[in-house]
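K.L.:
Protein sequences, first through last, are from chains A and B. The opening residue of the first sequence carries number 26 in the working numbering; numbering runs sequentially from there. The opening residue of the second sequence carries number 2 in the working numbering; numbering runs sequentially from there.
A few of these clues could be false.
[Claimed, not checked] Pair by pair, the computed Cβ-Cβ distance ranges are:
(1) LEU38(A) to HIS61(B): 30 to 36 angstroms
(2) PRO51(A) to ARG428(B): 36 to 42 angstroms
(3) ALA172(B) to GLU112(A): 23 to 29 angstroms
(4) LEU67(B) to PRO51(A): 36 to 42 angstroms
[Said to hold, decoys possible] Chain B stretches covered by chain A per the calculated footprint, using a threshold of three residues with CB under 8 angstroms from any CB of chain A:
(5) 22-28
(6) 49-61
Treat the hints as calculated values from the structure; they're not laboratory data. Keep in mind it's a predicted model, so treat the numbers as computed, not measured. We put the beta carbon where it would ideally sit given N, CA and C, even for glycine.
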Amino acid sequence: MITGFLALYIFMLAAFTGYEIISRVPVILHTPLMSGSNFVHGIVLVGAMVALGHATGAVEITIGVVAVLLAAGNVAGGYVVTERMLEMFKTSKQQKPASK
Amino acid sequence: MTLPSYTTTIINAIYFIAAILFIWGLKRMSSPRTARNGIVWAGAGMAAAIIATFFLPGIHNLGWMLGAIIVGVGLSWWVGRRVPMTAMPQMVALFNGMGGGAAAAIGAVELIRLNMALAAATLVPNTYPIQPEAWAKAAAVPTLSPVEQVLAYIGVLIGAVSLTGSLIAFAKLQGWMDKRFVFPLQRWVNLVIFAAAVVCGVLALIAGLEGHAFAWGLLVAFLGLTLVFGIAMTLPIGGADMPVVISMYNAFTGLAVAFEGFVLQNEAMIIAGMVVGAAGTLLTQLMAKAMNRSLGNVLFGNFGAGGAGTQQQEIAGALKPIDAADAAVMMAYAERVAIVPGYGMAVAQAQHKVWEFARLLIERGVKVTFAIHPVAGRMPGHMNVLLAEAGVPYDLIADMDDINPQFPNIDVALVIGANDVVNPSARTDKGSPIYGMPILDVAKAKNVIVIKRGRGKGFAGIENALFYADNTRMLYGDGQAMAGELVAGLKTLDA
């Protein structure tokens with residue numbers, strides 16, 4: 026059970042972690058990183074599953090299904106898009122010696 | 002389903018590992034050498050967390066859950082694989098909006114559950130004789146602590162704004178919604194919508210805190226108004242500012258996820274959401290800074306919203322066209338050529354042809370540099386990604402601060418589909434909406450060739466003095482077709 030100040034500490038530490046990770050990032054990685062963090066907040070799927078998991082009644086279940094559907098889209102889309110962007114960095118590096 | 006009690010511990014341990022993997026993955030993604038497997042680490046954490054959630058005690062509706070996951074993952078995976086690289090920014094917007102919507106929906110489910118419990122609890126004292134089953138039912142539904150209630154509402158608000166705002170951003174970048182939508186007193190109308198949403202939320206919240214049920218209409222109105230506010234807030238923002246806005250909504254979704262994670266008492270959600278919230282906020286600031294604008298200016302400064310407020314300097318001169326063969330000759334005999342790509346290159350998918358052309362120039366001994374503006378395209382780094390896709394080596398790519406002092410020594414600057422980021426008005430014309438934005442000093446090059454599809458204005462909707470300059474020649478046509486003609490022009494030189 027997370028309550029009060031414990032939660033506040035978790036919020037604070039996580040916020041600093043996020044801030045530290047992003048500072049000093051080269052511009053070329055801004056887009057992939059935005060996409061990557063877009064994938065990471067796909068963890069909302071876990072929450073959506075919990076919400077749907079204890080939903081009762083038609084309204085709750087309907088909203089819960091919508092939540093899971095959207096969250097699943099966030100996770101899968103976020104992963105594929107980020108992976109495709111980063112894939113290019115790999116190819117360009119492999120070609121680099123050849124093209125010089 | 003009934004499982005032994007240690008399952009919960011195992012699941013919590015998996016969530017903990019997942020949180021570590023997310024942070025580790027993001028850390029690796031922030032350096033070009035390790036970026037690629039960063040997403041794999043984060044992905045592994047995500048998969049573990051999702052699978053573990055199926056085994057949480059007391060989870061129902063498994064059929065619905067599995068079905069929704071399969072449909073959601075399947076559709077997104079298919080779309081994400083199929084879209085061209087140029088459409089990536091709007092895809093990020095779309096998937097981000099979905100995450101925000103999910104967070105808002107979680108909040109809605111939890112608030113509905115809360116209200117059901119409250120309604121049941123308030124009903125009981127009025128029933129006589131007291132019905133034990135009713136009491137048991139009321140007690141069985143866990144209610145939310147005051148902090149959890151407050152965060153549930155805030156999470157719904159942020160998540161819903163992120164959902165509809167991201168969808169508008171998606172529509173704008175996809176080209177479904179070209180015009181900025183501005184009308185007088187817009188800020189005040191938006192403020193009223195926001196205030197009304199907050200009032201509805203606060204009224205419902207107060208009822209909940211006092212321990213009695215709120216009217217369903219309040220929750221519906223709260224949800225509806227927040228969704229409308231997301232639209233209203235994003236409509237007046239121009240397409241050129243969308244990268245900043247998407248990044249901001251990305252941070253919003255992170256925050257909404259963290260808050261709803263607190264409501265659900267799920268540590269993995271709190272940590273992942275908060276990390277993204279903070280990282281996204283910093284990223285947003287970095288992007289806004291790259292455009293020399295404050296976030297407030299991006300959100301509320303909507304270019305010339307007041308109507309006739311802006312006066313632009315008259316631009317003297319005429320547009321002077323050139324054909325591809327002449328342009329190819331000009332560059333073939335130049336010493337230094339700078340290629341300045343913009344969104345037009347992305348739209349035309351011209352990066353491969355452009356790189357082919359650049360390679361031919363290099364073979365002829367011309368020194369070629371790619372000059373990238375920090376916000377060229379639709380997102381910072383957008384051009385770098387496209388050029389990397391085409392196989393352009395890193396060392397040929399120069400960023401703005403490196404290349405700007407060199408422009409006077411550059412013989413030909415080839416501008417492909419870039420407009421606002423090379424507009425000298427940003428330096429000289431105080432009346433220009435983009436005044437103060439750092440630009441590439443292309444106008445200082447000895448010769449400028451601009452490949453442009455038509456005579457239209459850039460994304461900011463303003464004239465570009467560069468195109469009228471004496472040393473500028475316009476090469477009208479589709480980026481890819483023109484790059485192809487330039488390649489052909491070079492080849493005939495050698496033949």
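K.L.:
Could you run down the list of hints and mark each one as holding or not?
P.N.:
Taking the hints in turn, this is what the structure says about them:
1. LEU38(A) to HIS61(B): 30 to 36 angstroms: Because 34 angstroms falls inside the window, the suggested range holds.
2. PRO51(A) to ARG428(B): 36 to 42 angstroms: Violated: the Cβ-Cβ distance is about 26 angstroms, outside 36 to 42 angstroms.
3. ALA172(B) to GLU112(A): 23 to 29 angstroms: holds (27 angstroms)
4. LEU67(B) to PRO51(A): 36 to 42 angstroms: Cβ of LEU67(B) to Cβ of PRO51(A): about 41 angstroms, so the range 36 to 42 angstroms holds.
5. 22-28: Three-residue rule met by the segment 22-28 of chain B, so holds; n is 5.
6. 49-61: That given contact holds, which follows from 8 residues of the segment 49-61 of chain B lying within Cβ reach (below 8 angstroms) of chain A.
Checked against the numbered hints above, the structure violates only hint 2.
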